[in-house]
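Chains as they are written, first to last, in the working numbering: chain A, 10 to 297; chain B, 10 to 297.
Mixed in with the good hints there might be a few duds.
Each computed SDA-like pair below joins lysine to any residue, with the alpha-carbon atoms no more than 25 Å apart [to be verified]: (1) A:Lys266 x A:Asp108; (2) B:Lys146 x A:Ser36; (3) B:Lys266 x A:Pro40; (4) B:Lys266 x A:His37; (5) B:Lys266 x A:Pro287; (6) A:Lys266 x B:Gln28; (7) A:Lys266 x A:Glu162; (8) A:Lys146 x B:His37; (9) A:Lys146 x A:Pro287; (10) B:Lys266 x A:Tyr164; (11) B:Lys146 x B:Phe281; (12) A:Lys266 x B:Pro40; (13) A:Lys266 x A:Asn161; (14) A:Lys266 x B:Arg165; (15) A:Lys266 x A:Ala152; (16) B:Lys146 x A:Pro286; (17) B:Lys266 x A:Phe33; (18) B:Lys266 x B:Leu154; (19) A:Lys266 x B:Phe33; (20) B:Lys146 x B:Ser166; (21) A:Lys146 x A:Pro286.
Quick caveat, the hints were computed from the structure, so don't treat them as lab data.
There are 2 protein chains.
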Amino acid sequence: MPHSIQRSHARLPVTLDIQVVDEFGQSHTQPIAAERALTVYLNRREIVTLMSLGEDPEALVVGYLRNQGLIGTREDLEAVFVDWEVEAAAVVTRHLPEDLETRLGQRTVTTGCGQGTVFGRLLDSVPRARLTPTPLKQSVMYALLENLGAYNETYRSAGAVHGCALCRQEQVLDFVEDVGRHNAVDTLAGREWLNEGSSDAACTQADIFYTTGRLTSEMVLKVAQMGISVLLSRSGVTQKGVELAERFGVLLVARAKGRHFQVIDTQQRFIFDAPPPPRRPGDRRQTG
Amino acid sequence: MPHSIQRSHARLPVTLDIQVVDEFGQSHTQPIAAERALTVYLNRREIVTLMSLGEDPEALVVGYLRNQGLIGTREDLEAVFVDWEVEAAAVVTRHLPEDLETRLGQRTVTTGCGQGTVFGRLLDSVPRARLTPTPLKQSVMYALLENLGAYNETYRSAGAVHGCALCRQEQVLDFVEDVGRHNAVDTLAGREWLNEGSSDAACTQADIFYTTGRLTSEMVLKVAQMGISVLLSRSGVTQKGVELAERFGVLLVARAKGRHFQVIDTQQRFIFDAPPPPRRPGDRRQTG
Chain A
10 MPHSIQRSHA RLPVTLDIQV VDEFGQSHTQ PIAAERALTV YLNRREIVTL
60 MSLGEDPEAL VVGYLRNQGL IGTREDLEAV FVDWEVEAAA VVTRHLPEDL
110 ETRLGQRTVT TGCGQGTVFG RLLDSVPRAR LTPTPLKQSV MYALLENLGA
160 YNETYRSAGA VHGCALCRQE QVLDFVEDVG RHNAVDTLAG REWLNEGSSD
210 AACTQADIFY TTGRLTSEMV LKVAQMGISV LLSRSGVTQK GVELAERFGV
260 LLVARAKGRH FQVIDTQQRF IFDAPPPPRR PGDRRQTG
Chain B
10 MPHSIQRSHA RLPVTLDIQV VDEFGQSHTQ PIAAERALTV YLNRREIVTL
60 MSLGEDPEAL VVGYLRNQGL IGTREDLEAV FVDWEVEAAA VVTRHLPEDL
110 ETRLGQRTVT TGCGQGTVFG RLLDSVPRAR LTPTPLKQSV MYALLENLGA
160 YNETYRSAGA VHGCALCRQE QVLDFVEDVG RHNAVDTLAG REWLNEGSSD
210 AACTQADIFY TTGRLTSEMV LKVAQMGISV LLSRSGVTQK GVELAERFGV
260 LLVARAKGRH FQVIDTQQRF IFDAPPPPRR PGDRRQTG
């Protein structure tokens, strides 16, 4: 039988209503994104404080520790309990990595990268598995963008969050929003361990990763780490993002909104099988 | 005579051109945002690696160390030299804080917050000076948004960056873009020390802070730290951002785009002196 993990289910509402006054001086109720501090304790040792939406805190914490290399295998993980009363998550594992102190020490240097990513350490690491150079059809991408329109719930109502999705061709397997897109990626990784069923499948079946956020260095790295070779974003790319995509063989599609997109494809894997009608003047817009 | 700081001027081009293929299968040259790793050494000790646009690296490094509390006063700062060949910034100071080890230790916990902010430590700190509850006129805000339209250069051409500005009423005193908005805020703080003239004045004269980014907890905290009581953003707010704005007396204006905005004003400091013409249907849009 599969190794079972003791856990809480401390999901909280991800939005709350506040009163705002609009440009006409009229008062409105506006939902805004929750943002909660959650301090993570690994075998009673304080590791980090994460600011999060609180949608799936157990998965976030597990995914964070996993992606930081602080929990080696799913079997090491015994329990994760989140208590919002004290804004704390207690994680219990069988073993701690032998180089825990080194890792925590490194973080002093590396988590500062980009003021918040773990780029430094990730750059030294290589994707877990050799990436399969999945082709991507324009028609499939449009269908996927259509399907993704049904998600982004919190963003649509409250804004101020980023969404990430694990997809298999046009199908959305799993979708997470959080105040930081790093949290969303970590939550997906945590779900793989916590929900043995669906999301485990999601992570192993996914061949496209979607994010509303920018394609910076650490997003490309984290997606390559997940073994996914197609990265789709509504936003733009940065120099290091492009460099690392070429290095790891990740196909980048940036600024994907409506019919528009920009492919950065050094391997000629994108198949233009569904060109849209000719562009209307002023159709094109920049997005960050 | 004022204390002079030895420095390099290692500004690099902030965008570079890559080839992209659009939805019609046509190849284009697209400028993208630079993203460079810069490892900071304080008196020969490695502190952090920052991912940055490279627009004003000396100011970024000085502002980062200043906002982290690792350089106490401008007079402590002797030199800052950036060498892109080795992606390193060497900073020399007269004194290091006595609690340097503690601070670097804390960072292991705090820089992880939100996977990248220093919220944890900042929350414990209070604004340097009591905030002046500056009123804000709608007409002044519209004029300021007009003036800000002339900035955001990198964003408009390449996207994938955030901009921050120090403003005095409708006047833009200083504007910085970077791949991370934390970098942009730190760069403004660094300029105050490096360019004794203009930006020093900018920081002390500013009464409005503008950002393209979201009004999350740490943005509100950093702005309160700068002694500014009006925070204007093109994007949305989060719960902690609102809580801290109330706690510190910061007037928040969110989703400020075109004529639209949402004021969160617990002190009734916003003056509705320029209502726009009645809204057209479907005029209103959410922005993250």
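Status of each hint after checking the structure:
1. A:Lys266 x A:Asp108: 44 Å, violated
2. B:Lys146 x A:Ser36: 17 Å, holds
3. B:Lys266 x A:Pro40: 18 Å, holds
4. B:Lys266 x A:His37: 18 Å, holds
5. B:Lys266 x A:Pro287: 29 Å, violated
6. A:Lys266 x B:Gln28: At roughly 19 Å apart (the allowed maximum being 25 Å), Gln28 (chain B) and Lys266 (chain A) satisfy the hint.
7. A:Lys266 x A:Glu162: 17 Å, holds
8. A:Lys146 x B:His37: Satisfied, since the Cα-Cα distance of roughly 20 Å is no more than 25 Å.
9. A:Lys146 x A:Pro287: 19 Å, holds
10. B:Lys266 x A:Tyr164: 17 Å, holds
11. B:Lys146 x B:Phe281: The given pair, whose Cα atoms are some 6 Å apart, holds under the 25 Å limit.
12. A:Lys266 x B:Pro40: 18 Å, holds
13. A:Lys266 x A:Asn161: With Cα atoms ~14 Å apart, Lys266 (chain A) and Asn161 (chain A) stay inside 25 Å; holds.
14. A:Lys266 x B:Arg165: Within the cut-off at roughly 17 Å; holds.
15. A:Lys266 x A:Ala152: Judged against 25 Å, a Cα distance of about 12 Å means the pair holds.
16. B:Lys146 x A:Pro286: Violated. Lys146 (chain B) to Pro286 (chain A) sits at ~45 Å, over the 25 Å cutoff.
17. B:Lys266 x A:Phe33: 14 Å, holds
18. B:Lys266 x B:Leu154: 8 Å, holds
19. A:Lys266 x B:Phe33: 14 Å, holds
20. B:Lys146 x B:Ser166: 31 Å, violated
21. A:Lys146 x A:Pro286: Distance of about 17 Å is within 25 Å: holds.
In terms of the numbered hints stated before, the structure departs from hints 1, 5, 16 and 20, listed from lowest to highest.
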